[in-house]
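**Q** Read top to bottom, the protein sequences are chains A and B. Mapping of the first sequence onto my numbering: position 99 corresponds to residue 497, and the numbering continues sequentially without gaps. Mapping of the second sequence onto my numbering: position 214 corresponds to residue 219, and the numbering continues sequentially without gaps.
Check before you lean on any hint, since a few could be wrong.
Calculated lysine-lysine pairs in the DSS-like style (CA-CA distance at most 27 angstroms, straight line) [unchecked claim]: (1) A:Lys726 to B:Lys238; (2) A:Lys805 to B:Lys238; (3) A:Lys726 to B:Lys140; (4) A:Lys430 to A:Lys456; (5) A:Lys624 to A:Lys430.
Simulated restraints, written as ranges between beta carbons of each label pair [to be verified]: (6) A:Asp780 to B:Ile331: 48 to 58 angstroms; (7) A:Thr792 to B:Leu159: 51 to 61 angstroms; (8) B:Phe362 to A:Arg666: 49 to 59 angstroms; (9) A:Glu661 to B:Ala132: 36 to 46 angstroms; (10) B:Pro10 to A:Asp780: 25 to 35 angstroms; (11) B:Trp326 to A:Glu506: 49 to 59 angstroms; (12) B:Ile117 to A:Asp767: 33 to 43 angstroms.
To give an idea of the chain B side of the interface with chain A (calculated C-beta under 10 angstroms), a few residues [what the hints assert, rightly or not]: (13) Ser202; (14) Trp225; (15) Tyr231; (16) Pro241; (17) Ala242; (18) Arg244.
Calculated from the structure, these hints are not laboratory results. For glycine and all other residues, C-beta sits at the position ideal for the given N, C-alpha and C.
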Amino acid sequence: MADAAFAIELKGISKAFGPVQANKDINIAVPKGTIHGIIGENGAGKSTLMSILYGFYKADSGQIFVNGQLTPIPDSQSAIRAGIGMVFQHFKLVQNFTVLENVILGAEEGQMLNTSLAKARSELERLARDYELDVDPDALIEDLSVGHQQRVEILKALYRQAEILILDEPTGVLTPDEADHLFRILKGLKDQGKTVILITHKLREIMEATDNVSVMRRGTMVATVKTAETSPEQLAELMVGRKVLLEVDKGVAKPGEVVLKVEDLRVRDEHKVERLKGVSFEIRAGEILGIAGVAGNGQTEVLETLGGMIRATGKVTMKGQPLPLQGKGADGQSRREAGIAHVPEDRHHHGLILDFTAWENVAFGYFNDPQYQKNALFMDNDAIRADTEKKMATFDVRPPIPTLAAKSFSGGNQQKIVVAREIEQNPALLLIGQPTRGVDIGAIEFIHKQIIALRDAGAAILLVSVELDEIMSLSDRIAVMFDGKIMGFRDPETTNERELGLMMAGVTGKGEAA
Amino acid sequence: MDRLPRWADVALVPLVSLTLAAILSALVIIAIGQDPWEAITVMVQGSVMNAYGWGYTLYYATSFIFTGLAVTVAFHAGLFNIGGEGQAQLGGLGVALACLFIPWPHWTLALIGAACGAALFGAAWAAIPAYLQAKRGSHIVITTIMFNYIAASLMIFMLVDVLRPPGKMDPATDNFPAGTHLPSFNEIPGLNLIFTSGVPANVTFFIALIMAVVVWALLWRTRLGYQIRAFGKSEPAARYAGINPVRIIMIAMLISGGLAGLMAINNVMGEAERLLGNSASGAGFIGIAVALMGRNHPVGVVLAALLFGFLFQGGAELGLWTKIPIELRTVVQGLVILFTGALDMMVRMLLVRVFAFFRSNRMEAA
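With these hints in hand, go ahead and build the complete structure from the sequences.
**A** Next comes the structure, spelled out in structure tokens:
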């Protein structure tokens with residue numbers, strides 16, 4: 399028998415995908431009217447578990463109880479009927495519909511829309527009042543900010559009378575302010591007696607927002623604890639299965655020769671808008687230069703110009719040799735030949751070909767490498783596969799199967815494949831964008847260590863990240879970008895988040911420009 | 006979603022699709038008052054039950070292998086080459102010029118020369134749409150379709166006003182000289198023990214099989230093929246890796262057009278031995294269906310080409326021996342394309358459910 403005091407109770411849930419056991423005998427009980435966190439590394443099985451609860455996957459074995467009742471959930475319609483609502487990481491909204499139209503989509507009553515629209519309008523007004531969920535019902539989705547789009551997803555669930563709301567990595571796309579607002583909304587929902595399940599891999603959010611937290615590791619549920627009685631260190635240890643360094647451990651940099659010198663770099667996009675307005679900096683061997691900034695202020699263009707993906711004007715020299723910024727020689731292959739490796743910001747669109755196998759991705763960008771050729775005509779696929787096995791072992795990629803498609807790996811493991819490919823080239827200059835975006839704690843620690851190791855081996859590193867913590871802890875020097883320009887350089891030892899935050903917003907205390 | 010086992014994905018899905026197409030075709034035949042059993046008997050007997058039938062089935066299949074491979078190569082670069090028909094016709098022009106104006110001492114040399122002409126002209130006809138796509142962003146589907154019409158008009162002009170021998174009435178070239186005659190199956194030692202009467206299938210069939218192997222090796226074993234596939238999967242990623250989009254579009258389309266053009270050595274040089282109007286007779290379009298059904302893999306393309314060869318030859322027999330009109334051949338082809346191409350996902354999802362059902366039953370039993 400199950401206890402009716404639990405909104406959700408899962409008993410003995412197991413699910414395998416081929417040889418991969420995604421969920422192993424999961425038991426979890428979520429008390430009514432609480433915010434329950436589920437935390438675990440990427441690939442720990444959190445999303446699979448929630449997909450089973452929402453009827454996307456059928457569990458191989460196990461039972462689901464909703465409010466104490468045994469409730470089979472074969473599809474998402476049954477989940478909605480059982481009062482379960484889900485807010486996905488990637489929103490499922492029709493971009494050119496209004497908020498109101500999106501809310502009633504799939505829940506229309508009758509052939510004519512007017513009645514449903516009117517009903518939805520008054521319902522939305524009530525929800526906005528009760529939960530701080532105000533969105534203009536007549537705005538088009540495409541005109542809304544990401545934070546507001548997420549509110550529409552929550553409204554959709556509530557409009558369908560959800561009593562239990564599941565949010566999958568809800569803050570991945572939000573600014574800190576928007577995230578705070580989201581947590582206020584969730585608290586409001588809890589106060590009204592609703593149950594919230596929050597899936598995340600960010601410890602800070604768990605500590606801030608939840609009442610209880612369940613920790614998953616490699617498909618199993620390792621612990622459920624009261625949030626008030628635990629600490630981030632303990633949770634991190636539970637998640638990874640060993641002690642984790644939350645701080646980066648790095649020695650003093652020993653900068654050498656100037657490797658990269660950039661002068662007056664300018665880029666125009668296809669609409670002739672100037673995205674880089676004269677950027678100059680230099681990086682020495684054995685040094686990490688971090689570029690901080692709010693996304694979209696030109697950091698991407700710096701990386702893509704140096705990586706040979708877009709055209710620019712200005713002067714760039716690599717160890718004294720000029721790098722072409724236009725025409726012949728301004729492409730990814732020439733850059734790799736010049737000793738530049740590039741971990742792009744967006745691994746799904748640039749860094750990997752998701753349909754390709756892991757080994758095909760390990761050769762991506764380096765398909766001209768002599769060690770990958772059998773003779774003048776054919777590639778040596780066996781050699782690439784062997785090399786992939788080696789890299790997978792060094793970087794602890796799981797599962798270590800070179801013939802698996804890239805899309806079948808978790809985000810952290812995908813990033814490890816990209817980072818392994820680029821770092822193992824022993825580049826003179828590494829361009830690395832958002833090295834740990836969507837990557838779990840264990841992998842973050844590992845990737846950070848690799849970056850530091852490469853620096854200590856004498857490489858110059860250009861790091862771009864929107865995570866200020868990451869910039870502060872990894873960089874030897876920090877450049878702050880705003881509106882296509884560098885606002886100034888700071889020493890991470892002497893600056894602080896407040897000063898950098900002001901510079902990122904375009905305010906310079908000392909009136910300097912570099 | 007759950008996935009199908011590999012054997013079901015490769016073999017069962019097309020088989021079920023084909024069965025559905027056959028059932029629907031039978032219903033159509035019943036609806037026009039004919040006997041579907043008679044139809045299938047005639048089709049099978051006329052195409053695969055004797056050497057003579059095979060001689061035609063393989064002849065058609067040869068053409069379809071070339072055009073199917075042409076679509077396959079372009080597809081892997083993310084390009085949908087609908088222009089195989091026009092490229093094959095231009096290939097015919099290349100063959101005709103090579104055969105008519107160069108005195109070849111032996112058919113093997115003539116074959117090499119004509120193949121070069123065919124590939125060159127086919128590739129050249131694909132080059133213009135490819136350039137427009139690569140440099141100007143004009144959609145390749147639109148431009149290749151338009152180039153089919155331009156090719157048809159160009160061929161009429163060439164045959165009526167340029168290549169037609171003086172005094173002749175029909176828009177066609179002179180017969181090719183005897184030195185360019187390719188051995189048919191009934192003229193090849195060994196094979197002539199099986200193929201005793203004159204059949205159109207000729208040595209080109211073996212060239213088609215070799216090209217299937219070449220295309221496979223190109224796509225999955227060479228750097229160029231790797232770049233073509235990478236570009237086809239993701240253009241932004243290709244840009245990151247330093248793969249030049251203009252180069253890949255041009256090369257992939259040149260290879261694709263060249264393969265479509267090569268088809269002409271089968272029908273123009275091997276069979277007709279002169280260039281006639283509308284020489285490709287639809288094989289360029291069949292190539293799209295062949296590539297779709299063959300899942301854009303050379304092995305699948307060869308198998309699908311054989312099936313369409315059977316449909317072509319069997320359909321012709323229908324018109325010859327039954328009251329069923331030959332147009333029914335087009336209906337059957339249409340249904341096969343519909344089920345194997347367009348409704349592929351429908352069959353697949355159906356099978357996924359069937360498999361999931363059996364799996365859960367097995368689980369409960371265990």
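**Q** Go through the numbered hints given earlier and state which of them the structure violates, listing their numbers in rising order.
**A** 13
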